[in-house]
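> For reference, the chains in residue letters:
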Amino acid sequence: MGAAPMVKAEAVYKNYGRLEVLRGIDLEVEPKEVLCMIGPSGSGKSTFLRCINHLENIDAGRLSVDGELVGYRQRGNRLYELSDPEVCKKRSQIGMVFQRFNLFPHMTALANVIEAPIRVKKESRAVAVERARGLLQRVGLADKLDAYPNQLSGGQQQRVAIARALAMQPKLMLFDEPTSALDPELVGEVLDVMRGLAEDGMTMVVVTHEMGFAREVSDKLVFMDGGVIVEAGTPREMLVNPQFERTRAFLSKVL
Amino acid sequence: MSEITAGPPLRASLPGRRGEAIKAIPVRHPWRWVSAAAVLALAGGAVYTIVTAPDLRWDQVGKYLFQQLILRGVLVTLELTVLAMVIGIALGVVLAVMRLSPNPVVSWVSWMYIWFFRGTPVLVQIFFWYNLNIVLKHIGVGIPFTSLHWLASTNSLINPFVAATLGLGLNEAAYMAEIVRAGIISVEHGQTEAAQALGMTRLLVMRRIVLPQAMRVIIPPTGNETISMLKTTSLAFIAAVPELFTRSEQISNFNYYVVELAIVISIWYLFMTSILTVGQYYVERHFGRGAQRQLPPTPLQRLRTMFFTLHTPPPAPPVASVLVPREQR
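So the protein sequences, as listed, match chains A and B. My numbering puts the first residue of the first sequence at 1, with every later residue one more than the last. My numbering puts the first residue of the second sequence at 1001, with every later residue one more than the last.
Please keep in mind that the hints were generated in silico from the structure rather than gathered at the bench. There could be a bad hint or two in this list.
To be verified - Covered by chain B, according to a simulated footprint, are these stretches of chain A (three or more residues, beta-carbon under 8 Å): (1) 83-92; (2) 162-170.
Said to hold, decoys possible - Listing some non-contacts, in silico: residues in chain A with all C-beta distances to chain B over 10 Å: (3) N53; (4) F98; (5) R119; (6) R125.
Unchecked claim - With the C-beta cut set under 10 Å, the calculated list includes, among others, these residues of chain A facing chain B: (7) L55; (8) S124; (9) R138.
All residues carry an ideal CB built from backbone N, CA and C; glycine is no exception.
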């Protein structure tokens, strides 16, 4: 299975009632690759990201992670929906970081990070705490173990959220506009952590508006608009010399 | 641009000049004094009239305050309150989760339960359980088409105490269900998503993430419900449960000190609700973790600071630091 792409989307469709949010997404993310998705709001980037860990289900097409379908099992020509525990098991292997951090406010930073390893992976407390300390140190928050989320700045909260996702030792990390809710001053510290992750070989799908980050860190850049991928390529080619007028128009506004 | 040079130098962490302290003659509020006096006079008059009622025997109040039967009544009242609230909260949580279930039948059953038990008087419900044996001599469960069954006489299952506990508890569950549901809904959806993204199952998300946060919304009204329940237990007199009110009735039935005994049990009810109020404060404080940057002080801590600040001059007001962009030179 080593050669299989980490994420593979084939003609993925998704609609809310009559509103078509995703209209045929084809995409591959190789292991250790960083994919950045850019595009105007409402273009379907976040929805696609949420489909990858089955927070949303797709209506048509095939979407698989690490060679296995998301949310279904295929036997012969038939698809069988996965049960709640099966879906949970798959989700536990994919880390996700949200725009609004979504830290658990009633738990300290450390408790946030060890919660899932203990409850979901059934790790012993000692092991979970050990790893959590290491992760929080890595994101530069070794002195904030006992702080509650509302005692932390936005940037610190987002770094705890990253540590929380990493604590499950995921094979894939999803970032949903991780810096969009941050004060401009605090964006850098979060991007630095993400950059470090990419250098360590983490497979990442990042929905972002940070063009600088996309240019420096991503291996592949995707521009989405109206539920389709308008243009995909390496960031250098695309940002410097976009092939489509729509991409050019978007980039001229954000660069 | 040249006007700006007149201001203090723009440097971070240096406070600006502190102006002359405000010394002004405060506005007078004569009507506040008048209204305060009027209210005090009215309230004082009412209390005085009752306290000095010519035929009110305060010695009897003192005599019965710690009388054996009354004390036992207090105990039964407390038992009823605790049991009814335990049933109410446990069943209420179940009903609330059912109400929010994606299964329409389960949700509908919960709705029907709440509709029924909230829509009928609790006094009638206690009365119903108390008199159930008139129409139903035996209660039992069995598995259809087999001889496996279990049966008992209604009278042995539902004594007066059980009837009152059931009536109060099942009724309370309907109210608690709505309180818990409001609490669950108040937790931001992002919390559920974040927990799901970590691989937590529905049940785990509910138990570890949603309910603990819902508690902050659930606790205050639950405290009110508990205080209310403590007083509502007096309705158990309809089922002849020997709680506080029933006891006072029994005693006054032969000594005719009706008002005196009403005062006795009022003192007890007030005492117990006061204790609960303090308890509620501490429970709220516990579940407020993470909601405020600093926990509010306990009443004791507040007393201490009050005492402390009476003797030392208040600290100077904090000087607002000048906000200067970091990069400013």
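> Of the numbered hints stated earlier in the document, which are not met by this structure?
3, 4, 5, 8, 9
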